[in-house]
Amino acid sequence: GLTCATSELTGDGNTGANIDLRKVFTAEPGMTSYEIMLSESQERMAFIVKPEGLETVLDVFRKYEMAFAVIGKTDDSKVLKVFDGDELVVNIPAKALSVSPTFKRQEKRPEYLDQLLAQPTPEPNKQLEEIIEILIASENICSKEWIYRQYDHEVGVRSVIKCGDGDSGVLRILGTNKFIASSVGVNSKHCYLNPYEGAKGGLVEICGNVIANGGKPMAMVNCCNFGNPEIPESFWYFSKAVEGMNDFCRTLKIPIVGGNVSFYNEDEVTKTAIKATPQIMIVGLIEGYENIITLPFKKAGNDILILGETEAELGGSEYHSVVHGLEGGIPPKVEEDKIRARWDFISALYEKNLIKANHDVNKGGFIVTIAEMCFKNKLGADLDLSSYNGNDLRDDVLLFSETVGRFIIETEPTSLNDIMLLATKFKVNISKLGVILNQPKILIKGLENQDISLDINKLKDLYDSTIPNLMEI
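Each residue of the sequence shown is one higher than the one before, starting from -12 at the first, in my numbering.
It cannot be assumed that every hint is accurate.
[Unchecked claim] Calculated cross-link-like contacts (lysine to aspartate or glutamate; reagent style DMTMM-like; alpha-carbon spacing at most 25 Å):
(1) LYS428 with ASP371
(2) LYS428 with GLU42
(3) LYS286 with GLU399
(4) LYS60 with GLU42
(5) LYS113 with GLU94
(6) LYS445 with GLU116
(7) LYS68 with GLU22
(8) LYS95 with GLU253
(9) LYS419 with GLU296
(10) LYS432 with GLU296
(11) LYS131 with GLU116
It should be emphasised that the hints constitute simulated quantities derived from the structure, not laboratory data.
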């Protein structure tokens, strides 16, 4: 509450302050000083503003009809003084509250991880067409329309991209030609197998969602959900996930502007902890309405490209989970230099208006990504994978690997040469997988064992029906 806000602002700023609690808005009369200072009522912020800028700041608050109060002043005393009217109720050096002791918890890598990571990917136990249908209908991949139709996702008339049309939500900044793109998520299965790489991979995915819509990632907040920190194995997961987020954000220069931590998330009876879940939110900026990109394929005859190599990284994948009932295997590994090069490359493509649609490759692998891009406009795809499988992967590994940092891009055939020249300049791997069809089917050739034909209408029905069927009473 106010205790932390005021002491951290003054202690970290090497100043003091006089605070008058009578000026603080309270929900009910008669609240004690103790209650006001420790209350954790949500959605409040404390600001320190230079006197000459005060009216400018207050004008902004008034413009947006926000409740505010000027509750005190800073000074050079380095002492936090809090008054309840004329009564001095707190008189303490600010740093006594802002500088907290650091506890060094014991941490230990779980012994079971070696066995999990060593699990091989079994041979496909079904036809690839059937596996794709199972994946597209899985709860983690299927359409979430049933959920977002339960609330007004266009309140304030600021929503620019309809739900399902992009990897992120895009809101207009009123009175400008600027837009905010935001996305939230993380793959807890990846974090379970490798919390360091899983947290970094979560950042790649969520930043990728913002980038796919034309945005530039600007800042990150997180919500870290873990088990009991008193258990060394649980604390190890937390420590490694935080380390991963820190390393990635420092390397890619993405500021972490806020976050919180929730511990003791475990089964009440068995005390089994949830999978490590460092939930990540990225906010990005799009300069200009004309620079907003959506994910549906736009035009038959356009080229379908994949940016990034596919590795044998099925650990924690949807394929392992829903098809084979496995939790193990090698999860994706993040190479920051490659990720940065791909982001810079996409930015260059945007500047030259070479991208018509863009979709981050995520759960289920790139074949699921392509299917999702076909759905809205009932288009299809004619794919030849014979020249893409540079790592000589087995068919199921190639199709369903969840290697992070890849994108499926639609572009006009006349742009292909320019794109390939830029790819050489930025030292990125990009391949043409095929072309968009003017009929609702996906044709896949160039695999090791079989050609595949998929009915988009059938896939869309599976994609749309999972959650409504689950929610039927």
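Results of checking the hints against the structure:
{"no.": "1", "hint": "LYS428 with ASP371", "result": "holds (14 Å)"}
{"no.": "2", "hint": "LYS428 with GLU42", "result": "violated (61 Å)"}
{"no.": "3", "hint": "LYS286 with GLU399", "result": "holds (9 Å)"}
{"no.": "4", "hint": "LYS60 with GLU42", "result": "holds (15 Å)"}
{"no.": "5", "hint": "LYS113 with GLU94", "result": "violated (41 Å)"}
{"no.": "6", "hint": "LYS445 with GLU116", "result": "holds (11 Å)"}
{"no.": "7", "hint": "LYS68 with GLU22", "result": "holds (16 Å)"}
{"no.": "8", "hint": "LYS95 with GLU253", "result": "holds (18 Å)"}
{"no.": "9", "hint": "LYS419 with GLU296", "result": "holds (12 Å)"}
{"no.": "10", "hint": "LYS432 with GLU296", "result": "holds (19 Å)"}
{"no.": "11", "hint": "LYS131 with GLU116", "result": "holds (23 Å)"}
The structure is inconsistent with the numbered hints 2, 5, although it conforms to all the rest.
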